[in-house]
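These protein sequence lines are chains A and B, in that order. Going by this note's numbering, the residue at position 266 of the first sequence is 266; the numbering climbs one at a time, nothing skipped. Going by this note's numbering, the residue at position 113 of the second sequence is 113; the numbering climbs one at a time, nothing skipped.
I should point out that these hints are in silico values taken from the structure, not numbers from a laboratory. Idealized CB from N, CA, C, for every residue including glycine. Just so you know, not all the hints are guaranteed correct.
[What the hints assert, rightly or not] EDC-like cross-link-like pairs, simulated, lysine to aspartate or glutamate; straight-line CA separation at most 20 Å: (1) A:LYS69 <-> A:ASP169; (2) B:LYS102 <-> A:GLU372; (3) A:LYS257 <-> A:ASP233; (4) B:LYS102 <-> A:ASP169; (5) A:LYS84 <-> B:ASP106; (6) B:LYS163 <-> B:ASP106; (7) B:LYS108 <-> A:GLU75; (8) A:LYS145 <-> B:ASP52.
[What the hints assert, rightly or not] Going by beta-carbon spacing under 10 Å, a handful of chain A positions derived as facing chain B: (9) PHE52; (10) LEU81; (11) GLY83; (12) ASN85; (13) THR117; (14) ALA119; (15) PRO137; (16) PHE140; (17) ASN143; (18) THR313; (19) SER314; (20) ALA316; (21) ALA333.
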Amino acid sequence: MLKNSFLAMLAIVAGLGLAASAQALSVSPGDLLKGPGDTVYYYSTDGMRHVFPNLKTYQTWYPDFSTVKSVPLSELQAITLNGKNVTYKPGVRLVKITTDPKVYAVGAQATLRWVQTEAVATALYGADWNKKIDDVPDAFFINYKVGSPITSTGDYSPTAETAAAINIDTELKVTTPTPPTTPTATSTTPTATTTSDITFTTSKAEIQAGDVVTLIAQAQDPTGIYKVDLYFDGQLVRTCFSSSCSGEATVPTSGTKTSYVAEGRATTVNQQVLSKTITLPIKQDGSAKISVRVGQVQITPDMLASVIADVDTSVAIQRIDIYVDGQIVKGCATGARQCQWTDYLLNKTIGSVHPVKATVSDTLGRVYTSSELTITVSTTDAPAVMVTPAKDLIYTGETLDVTVSASDNDGITSIDVMKDGAVIKHCDGATPCTVTTGPWNTVGTMVFTGRSYDTKNVMGSGTSTGVTVTARP
Amino acid sequence: MRFSKLSSALTMAATLAMSFAPLASHAAVTTAFGPGDLIKGSGDTVYYLATDGHRYVFPNSKTYFTWFTDFSGVKQIPDGMLSTMPLARNNVTYRPGVKMVKVTTDPKTYVVDQGGILRHVASEQLAETLYGLAWQSRIDDIPDAYFANYRVGTPIQTASDYKPADVTTLTPTIAIDKQLDNTRVTITIGSVNNGFVPPTVTVKKGTNVTWTNNDGAQHSVVGGWGQSQPLNYQGTYEHVFNTVGSFDYHCGIHTVMQGTINVVP
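Working from the sequences, and respecting the hints, build out all of it.
Here it is as structure tokens:
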């Protein structure tokens with residue numbers, strides 16, 4: 001692998017005939033350089049040269065070799081070689097280390113972030129995400145550091161990461177060693193072609209505990225920008241001695257705050273401060289991540305109540321808790337996507353209504369809460385309805401069998417299979433009702449519902465787990 | 001000063017092309033390996049497995065041959081187990097004293113000191129004093145991209161600053177070169193298929209054994225001496241073995257995952 005990528009680079013560089021352009025140029029920081037050999041270097045503002053370890057790394061930053069300057073060996077040797085190699089431009093490609101099966105996205109400053117599920121990879125990089133992975137040879141793993149894993153799509157935005165990676169210097173984390181001179185107060189302002197302004201954006205508008213938020217600030221001023229500071233919750237995240245700055249902040253996993261304040265603060269060369277703040281509210285609703293179903297919405301006092309919680313595949317589950325009447329009645333910590341509770345209710349008074357909900361916490365400590373359902377205790381029970389799709393994943397263009405079965409102490413008179421509120425099959429009697437649906441052509445997740453009436457004309461209903469429709473590979 | 005031995009890109013390509021020759025005799029894949037072993041998977045790269053549970057890459061064969069004369073000590077292990085163990089934050093570097101090195105596009109010649117420290121040799125006379133008349137044949141080129149594996153220390157001013165034979169003798173193993181703590185051993189927890197890696201570890205009495213979960217699913221460690229909480233990704237559990245004997249353990253969530261710690265005096 002190592003050998004191959006290097007040879008590939010040599011072949012391509014040589015193929016472009018760079019040797020022909022042997023003009024001796026004066027070089028300046030920001031330039032791409034090569035000597036008599038084929039390795040390409042980035043001449044950084046730290047005054048040193050940094051190696052592109054392979055062609056693929058180079059291609060994340062530049063489309064071709066047209067701006068590479070050939071310099072004599074003596075000139076190349078005069079520029080100190082820095083041991084920090086150039087790394088992948090964030091967001092552009094997914095990477096994999098040759099002998100590590102994990103797929104990583106690249107974050108700011110060479111941070112590898114494990115993409116934990118295929119669902120997240122698809123959401124971030126499209127259905128052909130597996131064609132956007134480059135192998136990084138084991139020996140170059142040391143050029144990267146490993147950051148927090150990406151457990152849901154909100155953790156990472158390829159486009160925002162790429163936009164925040166302003167140039168190789170920001171990724172190498174080098175700072176320009178020349179501090180500005182403070183001008184005297186009487187210095188005349190140059191013709192005001194630029195106005196004094198700061199733009200400040202965050203990668204997310206709403207956050208959850210454990211989230212990583214990217215802060216991006218860009219400032220301009222007629223006198224020039226001395227530095228830009230990024231703050232999150234009053235803490236300094238990063239200082240850049242340039243007009244633009246990006247950094248990452250992690251939302252604390254413990255705490256009672258309902259919102260956090262992020263700030264971008266620029267200091268101009270004449271010591272003026274420009275500042276913008278964004279308030280990021282903590283997201284409470286997790287109904288897209290976790291849902292609950294109840295066995296029977298209406299039960300008699302002598303019947304068991306049951307609650308099932310289902311968690312979306314985009315969550316890396318640590319534990320699921322089921323709440324009845326505000327109390328945890330069941331905790332599941334096995335990592336399974338489903339948690340089920342069946343027991344008698346403590347309060348079986350006729351007419352009492354019991355709210356049920358579930359929460360899931362992921363491996364980073366973020367908690368998502370489902371929407372709430374109720375179980376009612378009554379003199380007569382509602383039929384228990386189970387909706388069972390034959391598969392939980394189908395390809396586009398395929399059909400799907402859905403079965404609804406019902407049971408009740410009083411006897412079942414009818415069963416309906418429904419989708420989006422419309423009855424697609426009606427069956428009389430207690431026999432399970434099966435229908436072939438589809439073909440389904442829209443990629444996404446769909447649920448089916450069922451409905452049943454007992455002999456006392458009390459209605460019960462149920463919902464299936466989500467069925468994923470995915471594009472045919 | 002500038003040494004005349006300047007390498008070309010072709011030399012570099014040739015160096016890299018001389019990849020690790022596949023083992024002459026295809027030894028059987030084994031799961032009997034432990035800290036301090038040389039390991040490889042089905043690919044050609046060879047790794048040093050350290051007590052910290054990390055794999056250290058030999059970036060090229062020249063680096064390998066400063067430590068070992070042949071590949072007879074390399075064990076081939078299942079690919080799944082190999083990939084379970086994390087790569088180290090740095091690679092194996094030249095064994096101190098064996099060779100001098102030069103970076104492809106840097107005219108300076110360096111000697112290698114313990115911990116991958118490069119020290120500039122200030123003159124040809126000094127190089128000759130240290131490595132003899134044929135000193136030029138004792139210089140290896142390091143590709144620019146591997147310069148990241150090294151750090152530059154203080155230059156060698158006089159022959160008494162650095163004695164090649166002595167630094168080689170004082171650095172008999174990669175563990176000593178990397179200054180790894182041999183009183184701690186780390187075992188990596190992989191998926192249900194890969195289990196605990198390495199599955200059997202032999203340690204000295206009094207060793208702290210740490211388990212690190214490198215899998216997305218939860219796992220735990222249940223042994224006769226006690227048990228861990230369920231460990232999330234990157235979660236750790238440790239226990240100090242003060243009694244000589246053989247201790248079996250398993251994952252409390254997936255009981256098929258089993259391992260053994262042998263404690264010797």
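Handout entry: Hints not upheld, ascending by number
Key = 2, 4, 6, 14, 18 and 19
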